[in-house]
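Participant: Chain by chain, the residues run as shown.
Number of protein chains: 2
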Amino acid sequence: MKLLIVGGVAGGASAAARARRLSEDAEIVVFERGPDVSFANCGLPYYIGGEIADRDKLLVTTPERLRSRFKLDVRTQSSVEAIDRAARKVRVRNLATGQVYEESFDKLILATGAAPFRPSIPGIDLPGVFTLRNLQDTDQIKSRVNSHVKQAVLLGGGFISLELAENLARLGISTTVVEKNDQILTPFDKEMTSPIVEAMANKGVTLLLSQSAESIEQSAEGLSVCLSSGQRLTAQLVIFGIGVRPENKLAVDAGLEVGPRGGIRVNDYLQTSDPDIYAVGDAIEVNDVISGEKTQVPLAGPANRQGRIAADNVFGRSMKYRGTQGTAILGFFDRTAAMTGASEKVLRRANRPFRKVYIHPAHHAGYYPGAEGMVLKLLFDPTTGQILGAQGTGGAGVDKRIDVLAVAIQAKMTVFDLEEMELAYAPQFGSAKDPINMLGFVAGGLLRGEHPQIDLETVLADSSADKPFLLDVRTAQEFANGHIPGAVNIPVDDLRSRLQELPQDRKIAVYCQVGQRGYIATRILVQKGFSAANIGGGYKTYKLFYPAK
Amino acid sequence: MKLLIVGGVAGGASAAARARRLSEDAEIVVFERGPDVSFANCGLPYYIGGEIADRDKLLVTTPERLRSRFKLDVRTQSSVEAIDRAARKVRVRNLATGQVYEESFDKLILATGAAPFRPSIPGIDLPGVFTLRNLQDTDQIKSRVNSHVKQAVLLGGGFISLELAENLARLGISTTVVEKNDQILTPFDKEMTSPIVEAMANKGVTLLLSQSAESIEQSAEGLSVCLSSGQRLTAQLVIFGIGVRPENKLAVDAGLEVGPRGGIRVNDYLQTSDPDIYAVGDAIEVNDVISGEKTQVPLAGPANRQGRIAADNVFGRSMKYRGTQGTAILGFFDRTAAMTGASEKVLRRANRPFRKVYIHPAHHAGYYPGAEGMVLKLLFDPTTGQILGAQGTGGAGVDKRIDVLAVAIQAKMTVFDLEEMELAYAPQFGSAKDPINMLGFVAGGLLRGEHPQIDLETVLADSSADKPFLLDVRTAQEFANGHIPGAVNIPVDDLRSRLQELPQDRKIAVYCQVGQRGYIATRILVQKGFSAANIGGGYKTYKLFYPAK
Numbered sequence: 134m135k136l137l138i139v140g141g142v143a144g145g146a147s148a149a150a151r152a153r154r155l156s157e158d159a160e161i162v163v164f165e166r167g168p169d170v171s172f173a174n175c176g177l178p179y180y181i182g183g184e185i186a187d188r189d190k191l192l193v194t195t196p197e198r199l200r201s202r203f204k205l206d207v208r209t210q211s212s213v214e215a216i217d218r219a220a221r222k223v224r225v226r227n228l229a230t231g232q233v234y235e236e237s238f239d240k241l242i243l244a245t246g247a248a249p250f251r252p253s254i255p256g257i258d259l260p261g262v263f264t265l266r267n268l269q270d271t272d273q274i275k276s277r278v279n280s281h282v283k284q285a286v287l288l289g290g291g292f293i294s295l296e297l298a299e300n301l302a303r304l305g306i307s308t309t310v311v312e313k314n315d316q317i318l319t320p321f322d323k324e325m326t327s328p329i330v331e332a333m334a335n336k337g338v339t340l341l342l343s344q345s346a347e348s349i350e351q352s353a354e355g356l357s358v359c360l361s362s363g364q365r366l367t368a369q370l371v372i373f374g375i376g377v378r379p380e381n382k383l384a385v386d387a388g389l390e391v392g393p394r395g396g397i398r399v400n401d402y403l404q405t406s407d408p409d410i411y412a413v414g415d416a417i418e419v420n421d422v423i424s425g426e427k428t429q430v431p432l433a434g435p436a437n438r439q440g441r442i443a444a445d446n447v448f449g450r451s452m453k454y455r456g457t458q459g460t461a462i463l464g465f466f467d468r469t470a471a472m473t474g475a476s477e478k479v480l481r482r483a484n485r486p487f488r489k490v491y492i493h494p495a496h497h498a499g500y501y502p503g504a505e506g507m508v509l510k511l512l513f514d515p516t517t518g519q520i521l522g523a524q525g526t527g528g529a530g531v532d533k534r535i536d537v538l539a540v541a542i543q544a545k546m547t548v549f550d551l552e553e554m555e556l557a558y559a560p561q562f563g564s565a566k567d568p569i570n571m572l573g574f575v576a577g578g579l580l581r582g583e584h585p586q587i588d589l590e591t592v593l594a595d596s597s598a599d600k601p602f603l604l605d606v607r608t609a610q611e612f613a614n615g616h617i618p619g620a621v622n623i624p625v626d627d628l629r630s631r632l633q634e635l636p637q638d639r640k641i642a643v644y645c646q647v648g649q650r651g652y653i654a655t656r657i658l659v660q661k662g663f664s665a666a667n668i669g670g671g672y673k674t675y676k677l678f679y680p681a682k
Numbered sequence: 134m135k136l137l138i139v140g141g142v143a144g145g146a147s148a149a150a151r152a153r154r155l156s157e158d159a160e161i162v163v164f165e166r167g168p169d170v171s172f173a174n175c176g177l178p179y180y181i182g183g184e185i186a187d188r189d190k191l192l193v194t195t196p197e198r199l200r201s202r203f204k205l206d207v208r209t210q211s212s213v214e215a216i217d218r219a220a221r222k223v224r225v226r227n228l229a230t231g232q233v234y235e236e237s238f239d240k241l242i243l244a245t246g247a248a249p250f251r252p253s254i255p256g257i258d259l260p261g262v263f264t265l266r267n268l269q270d271t272d273q274i275k276s277r278v279n280s281h282v283k284q285a286v287l288l289g290g291g292f293i294s295l296e297l298a299e300n301l302a303r304l305g306i307s308t309t310v311v312e313k314n315d316q317i318l319t320p321f322d323k324e325m326t327s328p329i330v331e332a333m334a335n336k337g338v339t340l341l342l343s344q345s346a347e348s349i350e351q352s353a354e355g356l357s358v359c360l361s362s363g364q365r366l367t368a369q370l371v372i373f374g375i376g377v378r379p380e381n382k383l384a385v386d387a388g389l390e391v392g393p394r395g396g397i398r399v400n401d402y403l404q405t406s407d408p409d410i411y412a413v414g415d416a417i418e419v420n421d422v423i424s425g426e427k428t429q430v431p432l433a434g435p436a437n438r439q440g441r442i443a444a445d446n447v448f449g450r451s452m453k454y455r456g457t458q459g460t461a462i463l464g465f466f467d468r469t470a471a472m473t474g475a476s477e478k479v480l481r482r483a484n485r486p487f488r489k490v491y492i493h494p495a496h497h498a499g500y501y502p503g504a505e506g507m508v509l510k511l512l513f514d515p516t517t518g519q520i521l522g523a524q525g526t527g528g529a530g531v532d533k534r535i536d537v538l539a540v541a542i543q544a545k546m547t548v549f550d551l552e553e554m555e556l557a558y559a560p561q562f563g564s565a566k567d568p569i570n571m572l573g574f575v576a577g578g579l580l581r582g583e584h585p586q587i588d589l590e591t592v593l594a595d596s597s598a599d600k601p602f603l604l605d606v607r608t609a610q611e612f613a614n615g616h617i618p619g620a621v622n623i624p625v626d627d628l629r630s631r632l633q634e635l636p637q638d639r640k641i642a643v644y645c646q647v648g649q650r651g652y653i654a655t656r657i658l659v660q661k662g663f664s665a666a667n668i669g670g671g672y673k674t675y676k677l678f679y680p681a682k
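Protein sequences appear in the order of chains A and B.
Numbering-wise (the numbering used here), the first sequence opens with residue 134 and increments by one.
Numbering-wise (the numbering used here), the second sequence opens with residue 134 and increments by one.
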């Protein structure tokens, strides 16, 4: 067996190491265009910011280590330029010497990755304008940062841009993030990004939504970025993080199928349209396990997993890749945003029926010092209760809850299973009723009909004559501090004695601060013959949708 | 409907609140012997230590709040002394006035809890000798701590004792923990407690295993605790935390069935042997979902859940309690020990076949600063791979992994599902191959036969002539720093060139530091025709079993 692997970072390196463990005798060659293999891609922003002080930490392994430990023929600075499928060989260029040669294969794994998109706008190639993909980009950006950067402009409001924004802000660089959509972190639903937007403002990072860069010019102060709004931003550093494109040229030139967004098409075994050629990582399109649709997930976890699976299949083990459920996480200073499964946007686009709930729990028992808040959103099937997606934003403990929900999605569990989960509780770690259990109670109560709920958007969109009567059951003080326009205040503890103030012939939409008192009030009202429903997540959810009000 | 609830803390308070939400019109009376309802039981040690500064924080809710918000008839300092099942009424004593009266019921929920066991040894009733159950005990202990305690003796090495040990040590009190078994935290397997034992030593807490208190005497310096070994310990504070006994007297006197360990027997709907009487919380016996056996779990999470379910069933909702999987967690300074499902001990006792793996990962990417170590142990079915139990000890992130595994157990997932889990990865939160994935890889490799593994105990117990050849594949430096007696050192990177040094006719047991290099070495050896197996978890696991060596 002679196995060639094109690309030596996440998916390629995983495939190579796995291949050697499966076969001591196979001839395994890894071609990597750059000088490094298997570097810590996800650490690059933190090295730029100095959080990771030592560059060597970014080198997960070295070509030497792969040679000595895994007996791999690792060829860095080696670009594979063409695949001759009929002859079963590739053409390789040694970038150091310029030498071009051919190498034959029995099996080939493509792990070519994805390249950051660089728009064809004037000035894109000026010094000081970057994208961030590898250690060489990182070195250049860091070198510029260390010289004379007071202001930076980051194009794109995705994960990498926000990680860069944190790190540049830590260095005291005045940083502006420009995003062409009307929200950052587009895989999330917009309201769930509000706490991160708030954190950006608190940390002095400027955010411009619904704008994009139209040109970049040199100026006295460095660079001037001209936006679609006409606004001009001065910066000495500009980084584009507006998405990546699969590196599919090798595959396309060889006549392998690619999807509409350029991802190399593979079957469940990660075989391309040529059964002797596999492809893994950021270069391929994969199945979304929730929607069943094809998608692209340029993340390290799936890439590593796919590399392993491709090697298994090369050596006849018949392993399937399960697909992706889009689990992702961002740390931004002390804030976290994480998600798994489908977003509300995606479900709406697919016309898939769903219900949703929001809760605003603390990450551990409130009576123990240091409890941090979060918001969790759960999306589920309105008939079966199957969990379709989850998002969380807040402080500590968001990652744990999203991981738990990722497993629940994988296991095709329902909201009723969440009610029964027996999670580890001591006051430093959680609550006797963990946020996960609470999600189950709120969603289960909705589906069983014992906790009627109405979405905030439905209430606010209703301008009819018989639109719901809006009842705020918080204290007078809370009401005075801010409430949803049009609401009437009757504190929950007074409700039983003030029922005569409520309309008998109109739907009543109840809310409190986070949903708990609203639930109790709704139960009282329903049992007393009123048509009532609770606005899930209460005023805190309203503030996610309308943070400025 | 007239519902009486005996006990107003976790299970009782949850039942009462749920009952009111289900029925505005039911008459609901809660009898609580003490002055408080629904206090934060799990916070008591931290209030004693001052970590929780404000006593009011421990009052999760108050009788007044339950009355105003839930229209509950809450009667504190009210002891229910007898149940007349035929007449459907209870006899109640008002502990404040001495008045005795009867109260009728349609349904009754017993949430009487469990009492700390006080052994009948001489001196047990001396001033300064305590158990810790409620706020009154807490006040007394705190008052004594504040006056004149230099030394404390904690009997029992369970969760509460260790939490108390942390808090007393923080106060500068010289603290000794005495445990009658040969390990602390008996729900865990002994080797998994080693990191906590080490932390105790580091924090100056003395641990005496395989000893118990035989008597307590007054002495010039306060109290003298005489141990089974003859050793005497001087202390001004002695607290017994050697287990709890279900408060079943009411139930037993009323002729309700109890189990062999005293837990009130209930069916899946939490009904006692009298269908109009339910029981919840620490007072009952429950099903262990792994072993199917009856057990007792005096924890707040299950109690709350059961209270809710009992109320559901009282109001005709037919909800089942799923049983317990024994999820539990301890924080000890910056260390965590957590578990879910069955331990190895329990599986051995039940003659249930299993295999196990250990891994020693960091809680997040090693290249990002602040990564903390942990050990994870996974127990699984040797045929199907179904996960039977998991334990983790270490620093940050143990709670997350045990929660993920708790869900996997609930969903009846296998080790192969762990390989596929798509968890949230950024370098602050985890690794591209999360510790959970690694558990799956190691266990899956074992079951598929591609990663032969042998348990350390099996190797060490074998004193036969053809016992395994012990091969240490770490570096010479690591080997010199400490190794398993009898091992021969060939670093993994030299192995391919030194195969001739290995015996062809004996089993080779390979190990490295944590298992990864041992795995690679095992793969090399097996493919070269040797009979080799990896000692899972490597030298670090050896050090868990033999921490002193």
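Do not rely on the hints blindly, as some may be mistaken.
All copies of an identical chain are treated as equivalent in the list; a pair is satisfied when it fits inside any one copy or across any two copies.
What the hints assert, rightly or not - Here are the computed lysine-lysine pairs in the PhoX-like style, where the Cα-Cα straight-line distance is at most 25 Å:
# : residue 1 : residue 2
1 : K661      : K204
2 : K661      : K478
3 : K190      : K673
4 : K190      : K478
5 : K204      : K566
6 : K135      : K673
7 : K135      : K661
Quick caveat, the hints were computed from the structure, so don't treat them as lab data.
Participant: Compare the structure with each hint and give your call.
Facilitator: For each hint, the structure was consulted:
no., hint, verdict
1, K661 with K204, "between (76 Å within a copy, 14 Å between copies)"
2, K661 with K478, "neither (37 Å within a copy, 54 Å between copies)"
3, K190 with K673, "between (41 Å within a copy, 23 Å between copies)"
4, K190 with K478, "neither (38 Å within a copy, 40 Å between copies)"
5, K204 with K566, "between (52 Å within a copy, 23 Å between copies)"
6, K135 with K673, "neither (59 Å within a copy, 37 Å between copies)"
7, K135 with K661, "between (76 Å within a copy, 19 Å between copies)"
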